[in-house]
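Residue numbers (our numbering), protein chains in the order written: chain A, 928 to 1213; chain B, 231 to 473.
If you are wondering where the hints come from, they were derived from the structure by calculation, not from laboratory data.
Treat the hints with care, since some could be wrong.
As the list claims (entries may be wrong) - With a straight-line Cα cutoff of 20 Å, these simulated SDA-like cross-link-like pairs (lysine to any residue) come out:
1. A:LYS1207 with B:LEU303
2. A:LYS1207 with B:ASP368
3. A:LYS1207 with B:ARG362
As the list claims (entries may be wrong) - Just a sample of chain A residues kept apart from chain B, beta carbon distances all over 12 Å, derived:
4. ALA943
5. SER959
6. GLY1003
7. LEU1027
8. HIS1110
9. ALA1118
10. GLY1121
11. ASP1124
12. ASP1126
13. ILE1137
14. LYS1174
Predicted model only: the values in this text are computed from it and were never measured.
Ideal Cβ placement from N, Cα and C applies to all residues, glycine included.
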Amino acid sequence: MEETSLQKDSVEHSAATPTRREVYEAEVRRRSNRIALISVVSVTLAIFVLVPLAPGWEAVQRSFFNGRVFAETFPGLLEAFLMNVMIFAWSAPLIAITGLVIALCRDTRAPALFPLRLFGIAYTDIFRGLPVVLVIYIIGFGVPGLGLPRPWNSPYIWGTLALVLVYSAYVAEVIRSGIDSIHQSQRSAAASLGLSDQDTMRYVVLPQAIRNVVPANMNLFIALQKDVALLSFIGPVEIFRQAGVYKSLYANFTPYVGAALIFLALTIPATRYADYLMNKQNRART
Amino acid sequence: MTAKLSLRMVRKRFDDHEVCKGIDLDVAEGEMVCLIGASGSGKSTLLRCMNLLEPIDDGEIWLDGKDISEPGLDPQPVRQQIGIVFQSYNLFPHMTAAENVMLAPRRVHGLSREDLRPKVTQLFTRFGLGDRMEHYPDQLSGGQQQRVAIIRALAMEPQIMLFDEITSALDPELVGEVLDVLRDLRKQGMTMVLATHEMGFARELANKVCFLDAGRILEQGPPEVLFSQPREPRTKAFLSRVL
């Protein structure tokens, strides 16, 4: 953006006669654009021509890209996706709060609080070291197996707990890296004013640390949105499970493709936004 | 004469590098003391020891006849009485200038923003920043940031102010506005200790100048004596390089 405005400016200055350098750069730009266009077109053509030539293409097209099945199942999939969004919506704040608490546990210095610190370390080590799906199985099947009365045997509760346990461990580590990234001189300045350690953390370190790790945490929450689908293994009929139901009903895999498109419609903009935030932050630092 | 602040044989080491090798220093009430010397001579560390940001390894520091260097002593009340301003300002970047200044009085003295507003406004106005209170640090020039840092320390109403090369990171044309603040404080009778490279300023205002070399005060005296008739060859060499 700055470049174009700069160019406009210089064009105005040179009163319509471009300099040698501008002529050269315009030529280089045109050439690069031409090459990029040709390259994209030929690769796309190759895919569209070559893939259908594969011996199994017709079968794949029938079972994965079936327009009729797609049209009939897509609304149902969208509806089921609301369940994913809901599970995400109540998990995300719980994860953020738990992650912050665990990060603070790991950062305690007082000897009396040493058990907290140990707990924080064990927590992050254990839950970052386990596959999400395994935690969901163990908690989702294990806890209701205790024979709890309704509603305490709900897979929603225990599935959510499993997600919170795993993801808060990652969030805690990210927040902790944010805390570590705050320069010692900020703590010195706070201490020199007579602020207590708690106030220094609360008013000086944490606000800056959390701001620094927003993009990194956004990436975690994008991953969470995808992993909500894993809860389908213990019961909730969310989009992945709904797609499975349709697959059996229609004897066709197209619903999975539909589900994939729905995920991408949400995760790609979110990822782009996280990248944008991350880049903005990197630029601000330099 | 009993000194406001007294250092007795203060020693400080980082790992196996001894930065302060037994420093004796007296600062009387209302006095301005300048520490001069090359980078790495121990000036900054000595200042950080004075308000207990760094624990000393040996020796004693007395404030108003009380030993504040006793191991295990709560450093917070001491730090409230001894303010420090750093070379790199160290303002809190996520707060406005006014919030930077009010944070410590609010949390430590339990005052409300409303209580503090008149006093803080008066401080900002006094140092020419009346229209900059709601600005964030990155919207201020280096000189303005450093003045906010001074106001932040003053808002705790300390009895002694320490200044750690506060003009070293500034563009030359901004140094003057910060030195003016120090002149103002000097006039008000604030007790001050400065680590500085501003020799002209030290000569103009200091009661006492101490030349630090390799962790020791090699020579000290009134500026007119130390600058014009230094005794030690190393002091002479240093002064001839910087004057």
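We went through each hint and held it up to the structure:
{"no.": "1", "hint": "A:LYS1207 with B:LEU303", "verdict": "violated, 45 Å"}
{"no.": "2", "hint": "A:LYS1207 with B:ASP368", "verdict": "holds, 16 Å"}
{"no.": "3", "hint": "A:LYS1207 with B:ARG362", "verdict": "violated, 26 Å"}
{"no.": "4", "hint": "ALA943", "verdict": "holds, 39 Å"}
{"no.": "5", "hint": "SER959", "verdict": "holds, 37 Å"}
{"no.": "6", "hint": "GLY1003", "verdict": "holds, 47 Å"}
{"no.": "7", "hint": "LEU1027", "verdict": "holds, 17 Å"}
{"no.": "8", "hint": "HIS1110", "verdict": "violated, 8 Å"}
{"no.": "9", "hint": "ALA1118", "verdict": "violated, 6 Å"}
{"no.": "10", "hint": "GLY1121", "verdict": "violated, 4 Å"}
{"no.": "11", "hint": "ASP1124", "verdict": "violated, 9 Å"}
{"no.": "12", "hint": "ASP1126", "verdict": "violated, 5 Å"}
{"no.": "13", "hint": "ILE1137", "verdict": "violated, 10 Å"}
{"no.": "14", "hint": "LYS1174", "verdict": "holds, 51 Å"}
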